[in-house]
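Engineer: These are the residues of each chain, in order.
Number of protein chains: 2
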Amino acid sequence: MQLKSATRTELISPFYVMAVLNRAKQLQAQGRDIIHLEIGEPDFPTSDSIIQAGIRQLKSGQIKYTPAAGLPELRQQIAEFYWQRYQVRINPQRIFITPGASGALLLALSASLNPGDELLLADPGYPCNSNFAHLLAVKPKLIPVTTSSAYQLTAQAIQAAWTAQSKGVLIASPSNPTGTIISSEQLTACINTTQALNGVFFSDEIYHGLSYGEDCVSALQISDDVFVINSFSKYFGMTGWRIGWLIVPEAAIEAVEKLTQNIFIATATNSQYAALAAFLPETLAELELRRSELQTRRDYLYNALIELGFDIPIKPNGAFYIYANASRFTDDSMQFALDLLEQQGVAITPGKDFGQYKAEQHLRFAYTTSIARMSDAIQRIHTFIKQG
Amino acid sequence: MQLKSATRTELISPFYVMAVLNRAKQLQAQGRDIIHLEIGEPDFPTSDSIIQAGIRQLKSGQIKYTPAAGLPELRQQIAEFYWQRYQVRINPQRIFITPGASGALLLALSASLNPGDELLLADPGYPCNSNFAHLLAVKPKLIPVTTSSAYQLTAQAIQAAWTAQSKGVLIASPSNPTGTIISSEQLTACINTTQALNGVFFSDEIYHGLSYGEDCVSALQISDDVFVINSFSKYFGMTGWRIGWLIVPEAAIEAVEKLTQNIFIATATNSQYAALAAFLPETLAELELRRSELQTRRDYLYNALIELGFDIPIKPNGAFYIYANASRFTDDSMQFALDLLEQQGVAITPGKDFGQYKAEQHLRFAYTTSIARMSDAIQRIHTFIKQG
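Those protein sequences? They're chains A and B, same order as listed. Numbering of the first sequence is given in the UniProt record's numbering, commencing with residue 1 and proceeding in unit increments. Numbering of the second sequence is given in the UniProt record's numbering, commencing with residue 1 and proceeding in unit increments.
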């Protein structure tokens, strides 16, 4: 029997960082000390109040399906959170609890885009966003973005790239890998332009809350007719719980409800009950302390990388990533990453994982580990560069 | 702004039982006592050993992403389970942990079918299977099945329905809604025929383990080149944990690995650690007791429905459903279900939720509640029928 894979599996690129990770594992198994600056997951444990809420629910023994769209009380709390944080009123019926932001993105795209439609995205950007498009036979259209627009799409770029096949625009702010935040004016112009073109606007806000001295604007502050993807993974520190949410336009509620029932049945029950504790004042206080720690780490790593000779034209004010131009040292950032790992035991992510535009010149550093460890890493990178 | 939903959302039917459920909720809010025979989730709590394993993991605070394909030790345990239960050796690399069987099905179909391809399925059958096809612009081709083949596809039916666009066949055994089990011979013939036609074979085995006096054969006992969808939800009683698995042919490992990374990142960590306890001898002993309880319930409900005048040509030996022909009482089973709920407070699922073939004559009863409650329900149905 000849098993032929579906075409989409050829369009979906692997994570190049997996090659780095697999080699890192081998080296660790040999006893080498590897410093991980490639991981998109901070080293903090889940807040204790969230853990305790999860344990209380497990003790009940009743880990049954929740309604497909999620626990009503969690949808209500998210609505209240939007009022407190963004001063927008969201009908809880527009809020769907999903298995991570991944689930939210799948729902949003499948509710609104047909095979053959084009989805406009920034390059560099998070690779899974393009790959979800491929899953649905939607065509990702990568638009190179530069420091001139804070590595974000602009109304002009959207207008210029738009064709008869274009049907959607996705913006992620703060951006992975660049950590940059789109301004309120730029986001407003992007949404207005997309809607004037009769396109659907998707706002990936999963790093909201993780910003340092610059506010993140939600697309919901600008329009109700947008899809907003968010998550408990990043700011709320619940990566492994696999829980996120999607906010949809009123007109999409019925379609998204049907899709949710069919695609997921529901999100993990225990994660939903645990997430109820994410909005407690004591949890939010702890999360704010962590944000402050991340800001300190950001400042440390940013300064250290600049000192080593990396070019970082915009100080990233969000997420936990620094996207550095390494063209002073290499024109093959994948090889640079592999060599750095091999010689010095520091793992970073090659630009290739985030698109094609100047990918070979760039590297992503995550400040998801302690300053002590990052300081060791900087010493090692220094040695590596000197020898290189 | 005019928001146009994607075409697939028009192809995906809602769950008709939701109309029953919503009305049931209203009636309950008015103080009515509703007996639920529509729910595909037994009333047992999760086994305590599984709960305790979940709690231990939560106490660690380290609820981080697992590898995309799942915890290596869980994949290993599933491989061992296949050896013990089916005497087949499975390379753990072929086993992917997924967010429920839903996730497994999405991975399997997206790894192997292209837009426009046809997927052959039994009618009646589980509606989400067709709807996952619609999600990917794959065309579900529903093949009417009758008691003559235990409501399962046959090699002849596959051969007869096959066209140049046909690319896959999905069989679910034990079947939802019919509870019937495909024989080893019939399954072998279906797999051989599909493979001879160069098609991909998908085996939905999520009700395996829940069978009464008749063995369930795994497609893996017949061929390594099949996709097997399974779940911790049903036999292992872990519905709300949202954890299942997919076993893929060797040749598909790489494609499925890429898809898993991109679509899910990973399955909920705590559910994976908890599932490690599902294979403990004490857990399996408890699950066997529950199976025996379900068998007793099956016998009770089967006999009672026959006595009331429902036609059930094959005694269902699997899952926890009875698919009864109600043509003696109605030619509109949806209305029957709504009227029964309104007048007597018993909730059941209309045939319409499982396809088109003779759907108006059929109803699904789930024996997921106690015999005491079912006995009340039978009294009420008796009264309803007499008055009708």
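Hint data in this document are derived by calculation from the structure and do not stem from the laboratory. For glycine and all other residues, C-beta sits at the position ideal for the given N, C-alpha and C. A few of these clues could be false.
Partner residues are not named here, just some residues of chain B that face chain A (Cβ under 7 Å, in silico) [unchecked claim]: (1) Pro45; (2) Thr46; (3) Ser49; (4) Ala137; (5) Lys139; (6) Phe264; (7) Ser375.
Residues from chain A that face chain B, not an exhaustive set, calculated with beta carbons under 10 Å [what the hints assert, rightly or not]: (8) Pro14; (9) Glu41; (10) Thr46; (11) Ser60; (12) Ile63; (13) Lys139; (14) Gln221; (15) Ile222; (16) Asp311.
Engineer: Run every hint past the structure and note whether it holds.
Structural biologist: Consistency of the hints with the structure:
Among the interface hints, the one on Pro45(B) holds; its C-beta lies about 3 Å from the nearest C-beta in chain A, closer than the 7 Å criterion. Interface hint at Thr46(B): satisfied, since its Cβ lies 5 Å from the closest Cβ of chain A, which is below the 7 Å cut-off. The criterion of a C-beta within 7 Å of any C-beta in chain A is not met by Ser49(B), whose closest approach is roughly 12 Å, and the hint is violated. Because the smallest distance between the Cβ of Ala137(B) and any Cβ of chain A comes to about 5 Å, under 7 Å, the interface hint for this residue holds.
Proximity of Lys139(B) to chain A is violated relative to the hint, the smallest CB-CB distance being about 12 Å (cut-off 7 Å). With its C-beta approaching chain A no nearer than about 6 Å, Phe264(B) sits inside the 7 Å limit, and its interface hint holds. A cut of 7 Å between beta carbons decides the hint on Ser375(B): the least distance to chain A is about 23 Å, and the hint is violated. The interface hint given for Pro14(A) holds, since its Cβ lies 5 Å from the closest Cβ of chain B, which is under the 10 Å cut-off.
Because the closest C-beta pair between Glu41(A) and chain B is about 6 Å apart, less than 10 Å, the hint holds. Here the hint on Thr46(A) is kept, as its CB sits about 5 Å from the closest CB of chain B, short of 10 Å. Satisfaction of the interface hint for Ser60(A) is found here, the shortest Cβ-Cβ separation to chain B being roughly 8 Å, below the 10 Å cut-off. With a least beta-carbon distance of about 4 Å to chain B, the hint placing Ile63(A) at the interface is held under the 10 Å criterion.
About 12 Å separates the beta-carbon of Lys139(A) from the nearest beta-carbon of chain B, more than 10 Å, and the hint is not met. At its closest, the beta carbon of Gln221(A) sits 16 Å from a beta carbon of chain B; the interface hint therefore is violated under the 10 Å criterion. The closest approach between the C-beta of Ile222(A) and any C-beta of chain B is roughly 12 Å, which is over the 10 Å cut-off, so the hint fails. A least Cβ separation of about 30 Å between Asp311(A) and chain B goes past the 10 Å threshold, and the interface hint is therefore violated.
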